Amino acid sequence: MFDSLSDRLGEVFTRLGRRGALRESDVTAALREVRVALLEADVALPVVEDFIEAVGQRAVGEEVLRSVTPAQMVVKIVKDQLTEALGAEASALDLAVTPPAAILMVGLQGSGKTTTTAKLGLWLTNREKKKVLLVSTDTQRPAAQEQLQVLADQAGLRFMSVIAGETPRQIARRCMVTARLEGFDVVIVDTAGRLHVDEALMDEAAQLRDIVNPAETLLVADAMIGQDAVNVAKRFDERVKLTGIILTRVDGDARGGAALSARAVTGCPIKLIGVGEGLDALEEFHPDRIASRILGMGDVVTLVEKAAESIEVEEAERLAARMRKGAFDFNDMRAQLRQLGKMGGIESMLGMLPGAGRMKAQLAGQKVDERILVTQGAIIDSMTVAERRNAKLLNASRKRRIAQGSGTSVQEINRLIKQYKDTNRMMKKISKLGKKGLMRHPMAGLLPH
Amino acid sequence: MNADAGEAKSGWLDRLGAGLSRTSSKLAQGITDIFTRSRLDDETLEKLDDLLIAADLGPATASALTARLARERFDRDMGADEVRAALAGDIAEILAPVAVPLILDPLAKPHVILVVGVNGSGKTTTIGKLAHQFRGQGKSVMLAAADTFRAAAVNQLRLWGERAGAEVYARDDARDAAALAFDAFKRARAEGTDVLLVDTAGRLQNKADLMAELEKIIRVLKKLDAAAPQSCLLVLDATTGQNAHAQVEVFRDITGVTGLIVTKLDGSARGGVLVALAKRFNIPVHAIGVGEGIDDLSPFEAEDFARALLGLTR
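If you read the protein sequences in the order shown, they are chains A and B. Residue numbers for the first sequence follow my numbering, beginning at 1 and rising by one. Residue numbers for the second sequence follow my numbering, beginning at 1 and rising by one.
Since the hints were made in silico from the structure, they are not lab data. The structure presented is a predicted model; accordingly, all values stated were derived computationally and were not measured. One should not assume that every hint holds.
Said to hold, decoys possible - In silico lysine to aspartate or glutamate, EDC-like type, Cα no more than 20 Å apart, as pairs:
1. B:K207 with A:E283
2. B:K207 with A:E53
3. B:K47 with A:E33
4. B:K207 with A:D253
5. A:K129 with A:D80
6. B:K186 with B:D209
7. B:K216 with B:D176
8. B:K207 with A:E199
9. A:K131 with A:D80
10. B:K139 with B:D194
11. B:K47 with A:D50
12. B:K47 with A:D381
13. B:K216 with B:D253
14. A:K131 with A:E166
15. B:K47 with A:E53
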C-alpha cells in the first residue's frame with residue numbers, strides 16, 4: 001500500500017524521463033508525488049508545504065528545464081533541499097561551559113529518554129573522556145529511577161542515588177551540588193515523560209531547567225511519531241528552550257519524517273540518533289543519510305557500516321577468497337546465511353541498497369519469508385560433510401534424507417541448490433569485473449538489468 | 001446499576017472529549033474557517049484534505065474521504081456543522097465495525113492475553129489498567145513479566161500488580177521470555193486464575209530475531225493449550241504516524257494480533273491513523289488509553305471517537 005518515496009518518484013521520473021525535455025507541468029506532477037510521499041513519511045504538513053515550495057522554485061528554474069536528464073535533476077534537487085533542511089552537516093553537543101555541564105533530557109512518554117540518557121552517558125564517557133553523573137528526576141513512572149540505575153550499572157556509569165520522597169526539583173538541586181562537590185564534568189538529567197499539553201508538567205520542566213541551567217536541553221523524539229511532531233517540538237521549545245534533538249528508534253522502519261518536522265519548527269539541530277537497544281547504539285546524525293532514508297534512496301554508508309559491525313572481518317575475507325577461487329561450497333553458504341541474519345534479514349538489507357526499492361517491492365509481493373534464512377540453515381546442517389563440500393553428490397535419495405532431517409521438503413532443497421548455483425554464477429561475474437570495477441560500481445554487477 | 005453505567009459512560013466520554021478536544025478544536029476551528037462562507041469547491045476540499053492529513057489520517061485515507069464528500073455534496077452550500085457531521089458520519093461508518101470490546105472466554109482458565117508492541121508504546125501501563133478492570137469485574141488476574149530485556153521492567157509490572165491487586169509471576173534473573181510465559185501459564189492454570197496477562201519486551205517490528213522470540217512465546221503457550229493465547233493485543237501509541245501500518249501488518253502476520261489498544265490519546269490528538277487502520281486491516285480496537293491513571297482506559301466507541309475527532313458535541 002505504501003510505496004517508498006523512491007518507488008513513487010521512480011515511477012514519476014521514469015514517466016518524465018522518457019519524455020526528454022521537461023515541462024513545467026511535469027515538475028508540478030512530480031512535486032505532487034513528492035508531497036504525498038513526504039506526508040506518508042510523516043513529515044508534518046506545514047513543513048511539507050514549505051519544502052515543496054522551495055523545491056518548486058529551484059526545479060522550475062533553468063536548472064531542471066535545461067538539464068539533459070531532468071528526472072535525475074529533480075531527484076537531486078529534492079535530495080539536496082532535504083539534506084539542507086535537515087541541517088546540512090552533523091552538529092556536535094556543545095558542553096563548553098564551566099563544569100559541571102548539565103544536559104536536560106525531555107520528551108513525551110515512551111520516546112526513549114531513559115535509555116538514551118544512559119547511552120549518552122556512555123558516549124560522553126568513552127568518546128570525550130568525560131566524568132558523567134546520571135540522574136533521574138522521574139518520580140512519575142513506576143520503577144523509572146530504578147531503570148536508569150540498572151542501565152547505569154550495565155554501562156559502568158555513576159548514578160546519583162535515589163532518596164525516597166524527594167521531588168524532581170529537590171533531586172535536580174541535589175544533583176548539581178553533588179556534581180560540583182565530586183568534580184563531575186557532565187550531569188545528564190533524565191525527566192519524566194510528559195505531554196506537551198500538560199501545563200503543570202511543562203511548568204515543572206521549565207523549573208528543572210532553571211535549576212540545572214543546562215548547557216544542552218535535548219528533546220528525545222521517536223522516529224515513528226506522526227504529524228504531531230511539530231506541535232510537540234514547538235511546545236517543548238517554547239516552554240524549555242531546546243538546544244537540540246535526539247531521534248530514537250532510527251533502527252526501525254519508520255521513514256523518519258519527524259526529523260524534518262522537528263528540525264523545521266525549532267531550528268534546533270538533530271544531534272544524535274538512537275539505532276538499537278544496546279547501550280552503544282547511539283550515532284552522530286548525518287543529514288544526508290536521513291534524507292536518503294526519507295526519500296527511500298538507499299543508505300549505502302549505513303549498510304557498509306552495519307556490515308562492518310556484524311560481519312567478522314576474517315570470516316568475510318575467507319569467504320571472499322573462496323568465492324574468487326570458485327571454491328564456494330555449502331559450508332560457506334551457511335556462514336553467509338548466518339551473517340545475513342545478523343545484519344537484520346533480507347528486507348532490511350534491501351532497504352539500504354539504492355535502487356533496490358523496486359526489487360524489495362517485488363519480493364514483498366512474493367512474501368519474502370525471513371524464516372528462509374533459518375530453514376536454509378537447517379537444510380545445510382542436515383547435510384553430511386561430504387555433501388556440503390560437493391553439491392553434485394545430492395541425488396534424489398540424499399535429498400529425501402536431508403528433507404527429513406531438516407523438517408523441510410525436497411522442493412525446498414532444490415530451491416536452495418538453485419540459489420547456491422546462482423550465487424556461484426554471480427561470483428564468477430564479480431570476479432570478472434575485477435576488484436577495481438567492483439569498487440567503482442559496487443552493485444552494478446549484482447542487480448538484474 | 002443503570003445510573004452507575006450511565007455515569008461511568010459520561011465519565012469516560014468526558015475524558016475522551018477532554019483528551020481529544022485539543023486536536024479536535026484545532027481541526028474544528030479549521031473546518032469552521034473553511035466553511036463559514038464558501039460552498040464546497042475544489043479549494044475547500046483541498047483544505048479539508050490537509051486538515052485530515054494533519055490529524056494523521058494519512059494522505060490516501062484523507063483524499064478518499066474528501067473524494068466521497070465531493071461526490072455526494074459538491075457545489076452545495078454547506079455550513080461548517082453540516083460538513084463536520086457528514087465527515088464524522090463517514091468516519092464513524094469506517095470505525096464502527098472495529099469498535100468491539102474485549103470479551104473473555106469464560107471456559108478458558110486462564111484466558112491468556114499476550115500483549116505486544118514496539119518500545120515505549122505503553123504495554124506495561126496498559127496491562128496495569130486492564131488488570132484493574134478485570135479485577136473490578138471480580139476476575140482473578142495474574143501478570144507474567146515476560147519482558148526480560150528492559151531494565152527494571154519487572155519491577156514496573158510488580159508495582160502495577162500491587163495497584164491493581166493482581167498476582168505477578170516474575171523471576172528477577174529470567175532470561176528466556178518464552179520459558180517464563182510457560183511457567184506463568186502453568187501456575188495460573190494450577191491456581192484456576194481467570195485471566196493471564198503476558199507482558200512482553202517492546203520490539204521494533206523489523207527486527208526479525210526479536211519477532212521470532214514472540215513466535216516462540218506463542219509456540220510454547222500452545223503446548224499447554226492449543227487455544228492459547230486467546231487474545232493477542234497490539235498496543236499502539238496514538239502519536240505514531242504512518243508507521244502504524246507497518247506495525248499492525250507485521251505484528252498481525254507474526255503474532256496473530258486479535259485486537260488493538262491505542263494509548264496516549266490524552267495528548268494533542270492524533271489517533272487519526274486508526275481510521276486508515278480500520279479500513280485496511282479490520283482488526284478490532286478494544287480500548288483507548290487516555291491518561292496515566294489506573295482508570296484511564298476506556299472502551300473504543302466509533303461514533304463518539306469520530307465526533308470527538310471532529311470537535312462535535314454529543
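query: Which of the listed hints are not met by the structure?
result: 2, 5, 6, 8, 9, 12, 14
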